[in-house]
Amino acid sequence: MWRKVKWGLRIAVLLVVAAFLHYTLPQRDIVLITGTYNRLTTVGANWLFYATPDVGTAESSTTRDIRFIEAVRPNGKVSVYRNEDTGWIWPPYFKYDSSNLQAEAGNLKSTTATPQWVAVTHYGWRLPFLSIYPNAVKVKAVAGPDVTLIPWVSIIVLLALAFGLFMLRRMWLQLRERMIDPALEDVNNALDAADARADAAMRQARGVWRRLIDWLGSWRSKPRP
Amino acid sequence: MIGLVYRVGFGFIGLSVVYLLVSVYARSVQREKLEKRFESGDGEGDRDAYIEAGMKAWQHGLRRRLIWLVYIIPTVVVGVIIYVVNY
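Line by line, the protein sequences are chains A and B.
Heads up: the first sequence at position 199 corresponds to 199 in this note's numbering, and the numbers run straight through without jumps.
Heads up: the second sequence at position 37 corresponds to 37 in this note's numbering, and the numbers run straight through without jumps.
Hints are computed from structural coordinates only; laboratory data are not their basis.
Computed from a predicted structure; not experimentally measured.
Ideal placement from N, C-alpha and C gives every residue a C-beta, glycine not left out.
Among the hints, a few may not be true.
To spell it out: a stretch of chain B is covered by chain A in this simulated footprint if at least three of its residues, at any positions, have a beta carbon under 8 angstroms from a beta carbon of chain A; those stretches are [said to hold, decoys possible]:
{"hint": "1", "segment": "4-18"}
{"hint": "2", "segment": "71-83"}
To give a feel for the contact side, a few chain A residues facing chain B, derived at Cβ under 7 angstroms [as the list claims (entries may be wrong)]:
{"hint": "3", "residue": "V137"}
{"hint": "4", "residue": "W172"}
{"hint": "5", "residue": "L173"}
{"hint": "6", "residue": "Q174"}
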């Protein structure tokens, strides 16, 4: 029972971490940009998936003008990206050139007849149900829909995270070996010593008690011969 | 702009915590290494004196100074990200 709960918790934590990384790490889509526009958007309960109000492109926390980029993927399905500054805290993209990005995206607009394929770097998810959009970070013209893009940033970030976890574990083990275990040993030794003292005192007390009983016994009438 | 100030402040505090952890860890590893080296018969004379001398040498060595990279690397990374994303 406990084992199942423990494993369930572990898997839940792992899923949350994986989802978090999948949301935050950059991804690149190869698309045709078909449109760019601004739309007055009301941000409500889904505020977590929009820029915080203190960054340049988001003046108000409820209703704001958000830039969007519409695109078509090679398989014919559409993608819609928002284009907002990220601010300085999270996610750490430090993007403050949304206007420039919008202009670049507009410049790369094309049609299916004369396609100009574009790699759009973005983070985030498109969930129509919650009205949330991935945030485009960079656009770059590419040769065709089949070019291979190696996700260097994700590789480096994941390696760095793994290294950090490994070092944390090493540090913890070192701390335990050098500080906690010796301290526990000291405590154990002190407890043992205290135990021994208590035993000695007990023996002594028992000795006193025994002598008292014997002395009382000496007052008892002796069996007559 | 105020966000930038916050970010730099909190980043500095966070990195200082990391710096502290790493330097305590590195010192501990170095001491353990010296103890083992002494026990394998490398050092002569007093054990404590041997270890203290080794720690003093390490304190002024290059490997200890490399812990400053804890501050330098994230700053450089942030600079590179800002450049790559915006320019």
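Hint by hint, here is what the structure shows:
Counting residues of the segment 4-18 of chain B whose C-beta sits closer than 8 angstroms to any C-beta of chain A gives 3, which meets the bar of three, so the coverage hint holds. Coverage of the segment 71-83 of chain B by chain A holds. Counting CB-CB distances below 8 angstroms, 3 residues qualify, and the rule asks for three or more. Because the closest C-beta pair between A:V137 and chain B is about 6 angstroms apart, less than 7 angstroms, the hint holds. Below 7 angstroms, beta-carbon pairs count as interface contacts, and A:W172 has none with chain B, the closest being about 10 angstroms; its hint is therefore violated.
Proximity of A:L173 to chain B is violated relative to the hint, the smallest CB-CB distance being about 10 angstroms (cut-off 7 angstroms). Contact between A:Q174 and chain B, as hinted, is supported at the beta carbon level, the nearest pair being about 5 angstroms apart and thus within 7 angstroms.
In the structure shown, a violation is registered for the earlier hints numbered 4, 5, in ascending order.
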